[in-house]
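Peer 1: Place chain B on chain A using the hints.
There are 2 protein chains.
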Amino acid sequence: MLQLDIQNILKKKIGSNNGISDLMLNNFCSKNGKLVKQVFRNKNKLGYDFLNLPDDSALLRKIKKFVTEQKRNKWENIIVLGIGGSALGAIAIRDALLPAFNQKPRLIVLDNIGPKYTADLFDDLNLSKTLFVVISKSGTTTEPMVLYGLAKERLMKKFPKNYQKHFVFITDPKKGLLRKIAKKENITTFDIPPKVGGRFSVLSSVGLVPAALAGVDINGLLKGAHLMREAIKVKHPEKNPALLLASAQYLLDHKKSKSITVMMPYSNALFKVGDWYRQLLAESIGKNKDTGPTPVNALGTTDQHSQLQLYVEGPNNKLIIFLRILKHISDPKLGDVLPKEIGYLNNKKMSIILDAAYTGTAESLAKHQTPNLTIEIPKVDAKNLGALFMLFEFQVALLGLLYKVDAFSQPGVEHSKQITKKLLS
Amino acid sequence: MLQLDIQNILKKKIGSNNGISDLMLNNFCSKNGKLVKQVFRNKNKLGYDFLNLPDDSALLRKIKKFVTEQKRNKWENIIVLGIGGSALGAIAIRDALLPAFNQKPRLIVLDNIGPKYTADLFDDLNLSKTLFVVISKSGTTTEPMVLYGLAKERLMKKFPKNYQKHFVFITDPKKGLLRKIAKKENITTFDIPPKVGGRFSVLSSVGLVPAALAGVDINGLLKGAHLMREAIKVKHPEKNPALLLASAQYLLDHKKSKSITVMMPYSNALFKVGDWYRQLLAESIGKNKDTGPTPVNALGTTDQHSQLQLYVEGPNNKLIIFLRILKHISDPKLGDVLPKEIGYLNNKKMSIILDAAYTGTAESLAKHQTPNLTIEIPKVDAKNLGALFMLFEFQVALLGLLYKVDAFSQPGVEHSKQITKKLLS
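Protein chains in written order, with my numbering: chain A, 1 to 425; chain B, 1001 to 1425.
In isolation and in its complexed conformation, chain A is listed as follows (with noise of 0.2 Å):
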């Protein structure tokens, strides 16, 4: 299971201007226990329906079935269509769990409408090959239809009698746009649960059909996600890893001014995690002009060569959360290959080398008093990176009871679509 290393948060270590105490961080455990189970106690309310997604049986089956049927096709691309919470999740999920060069079937996610990467992309792609899964609740959502609109002309130029194969549609059970298209159309169709939140939505048809379509043993991210829900249940608040997550994190900010959160795993495969993290906290927490806190993501190693100065030296109002990964299923070996003045990287694994910097790091933003935490995690597989989420997830949670604020809403972005389609109308 993963585990969470506290002691560079702790005064012990990084002094009382910067670190918080253990007993403070015990206490306000205890004192916040009864959030953990009032967040249980609305599983079936509006947005806390995440809480009851590792449980949905009958999805993983129609999608098993789904993607058997879908093999016929020999699809060498799968085409998200997608933004935001209909995006980083299925990103998040291929760069953990697939090759990082030459997947079959490529997974690619298209989550923004920039003209040139749209054209270059249809200039790449066999169409007689791809697969497109759009994916919006309301059908409505202004970049997953535009891209959509230019899938469908260009199949329906090419296939004009069989272009729907070409689509499934991911959207709200029974209203919207994309609901009313389906219909119409004929086209194969997942349901996005109604009380489930984008951002919240990783673990339902919207981060698994793409993933499955992939080849990701999705039974292992749900299994891992119950397995930490569980988890989350034990009874002495203090053990609980959502609730000390949390607390750390209100803490450090409240008490010690650290407004950032920077989320820095170690290893390419998990940073999108981090990307993924970034929209759960910001869109949950940011609604408050006084509080709440801000994310940054960033990667080890390669961010030593460019945020580190800032962490270490710079102002002293960050968090660092280390993602580090204790055994790396490859895990290239260099042997006696460099000359005598770096001789001591020779016949070592990489993953000897990658942990030795994020320890070098680590420690050495403690000795500089920035707090800095770290979650191992055992390996990355489905099921670790599906516990790993429905962490986050709680945690999450329990930050908007803890901010005081609804984590499941967005009301700040109204605004900004509004005169868009002002402008475009």
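If you're looking for bench data, these hints aren't it; they were derived computationally from the structure. There may be inaccurate statements among the hints.
Here are some, though not all, of the chain B residues that point toward chain A, as calculated from beta-carbon distances under 8 Å [stated by the list, open to error]: (1) I1083; (2) T1142; (3) M1145; (4) L1227; (5) I1260; (6) A1269; (7) Q1307; (8) P1315; (9) L1326; (10) H1328; (11) A1357; (12) G1412; (13) H1415; (14) K1417; (15) L1423.
Here are the simulated lysine-lysine pairs, BS3-like style, with alpha carbons at most 30 Å apart [as the list claims (entries may be wrong)]: (16) A:K11 x B:K1417; (17) B:K1348 x A:K183; (18) B:K1180 x A:K349; (19) B:K1289 x A:K11; (20) A:K327 x B:K1421; (21) A:K183 x B:K1417; (22) B:K1349 x A:K180; (23) B:K1065 x B:K1165.
All residues carry an ideal CB built from backbone N, CA and C; glycine is no exception.
Peer 2: Positioned in the frame of chain A, the structure of chain B alone reads:
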């Protein structure tokens, strides 16, 4: 040429709590016009030498000759082994100027030692068609040297007699380990100018060699940088784009507590310019516990569905810098394909929709008093990209003087390196 639109940082537009007045900005620019002269006066000093890079026509000739010779090898893959300033420039150039899919040759920048990612890449490579560009000033940087070792082992096994032709080194003209290896093993090299720092090196051999190998117009890059440098010599300080940008950022940080700088290009093509800027700003200015901006990169429209909620309703501690492209070279147009509910999107070019989304976001942020400014880019080509690099480098040199920190050092990362080395030795 590039244009700045600063209306949305002004008091008259966003109010006095978060905006600055025309008068304050003009006076500050006038007062600090002397800093522009100081930067130019320092042009032969350590760090400031980036100013001279656009004039290096001998380097251009050497690179062109080299690229012509290399064409005979019909490389399918150009793999850069570098990290930080030896990677981010090449990535930014690639994403801006080369096709997003199906590049010939592929330009891959391996700027991390993620075990899975590296293993997947080596599995996918046809080594006989692969050139490795190893970039490190000292030749002892852990990450590129580990990757160099892995590549060398594989190449020597396959091509024991001429593995050397699969390498080119970019390193210090005289000193260091890569220089030593190159001499011993007869490997082609390019010099890194000793008085140019990594994060200011994109317009040296560090950025230009990989770019030219991948087919980029490197003349254009230097020409654009040259034009911008001359434009920065303008007589009136308040019309100087680099000084205006530096002044706006400094004043908003100091007077209005905007301690986070978000760079948000509208279009994937410029997203990695934001990543490059992130290093430039963080490593150059992040040296003072009391002050200095934390950079964040974002992408329009993608992050409207991830970060905008926070930027609009969360803590008002951010300056947003938009990059807006005025003319898109590839620009697919939507036909009459979408149903009436979203019919206003039909018959529109993607660029029109993208730009309306930008306007909606900028206006909505201004209405919520979040300061934002826009750099307008006529089109994304080598010339404008070169201009953008020079603009930001000059701006950050000015910020160093304004914040009274040495913009060209990075002492904060040494401690972490020592711990790592000790662990591995």
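Peer 1: Quick one, is the G1412 (chain B) hint okay against chain A at 8 Å, beta carbons?
Peer 2: OK, holds: G1412 (chain B) within 8 Å of chain A, min 4 Å.
Peer 1: Identify whether the interface hint at L1326 (chain B) stands, where standing means a beta carbon of chain A within less than 8 Å of its own.
Peer 2: violated, 12 Å
Peer 1: Hint validation: P1315 (chain B) versus chain A, beta carbon distance must be below 8 Å. Holds or violated?
Peer 2: At about 6 Å, which falls below the 8 Å cut-off, the nearest Cβ of chain A leaves the hint on P1315 (chain B) intact, so it holds.
Peer 1: Starting from K1289 (chain B), check that the Cα of K11 (chain A) is at most 30 Å away, please.
Peer 2: holds, 19 Å
Peer 1: Taking the least C-beta to C-beta distance, is L1227 (chain B) closer than 8 Å to chain A?
Peer 2: violated, 23 Å
Peer 1: Holds or violated: K327 (chain A) and K1421 (chain B), Cα atoms, limit 30 Å.
Peer 2: holds, 21 Å
Peer 1: The hint names L1423 (chain B) as touching chain A; please verify it with the least Cβ-Cβ distance against 8 Å.
Peer 2: Holds. Min distance 4 Å.
Peer 1: Does the structure keep K1349 (chain B) and K180 (chain A) at a Cα separation of 30 Å or less?
Peer 2: holds, 25 Å
Peer 1: Do the alpha carbons of K1348 (chain B) and K183 (chain A) lie within 30 Å of each other, as the hint requires?
Peer 2: holds, 26 Å
Peer 1: Taking the least C-beta to C-beta distance, is K1417 (chain B) closer than 8 Å to chain A?
Peer 2: Holds - the Cβ of K1417 (chain B) comes within 8 Å of chain A, reaching about 7 Å at its closest.
Peer 1: Min Cβ distance, M1145 (chain B) to chain A: is it shorter than 8 Å?
Peer 2: holds, 6 Å
Peer 1: The hint names I1260 (chain B) as touching chain A; please verify it with the least Cβ-Cβ distance against 8 Å.
Peer 2: Constraint on I1260 (chain B) satisfied, holds at 6 Å.
Hint compliance for this structure: hints 4, 9 and 21 are broken, all remaining hints hold.
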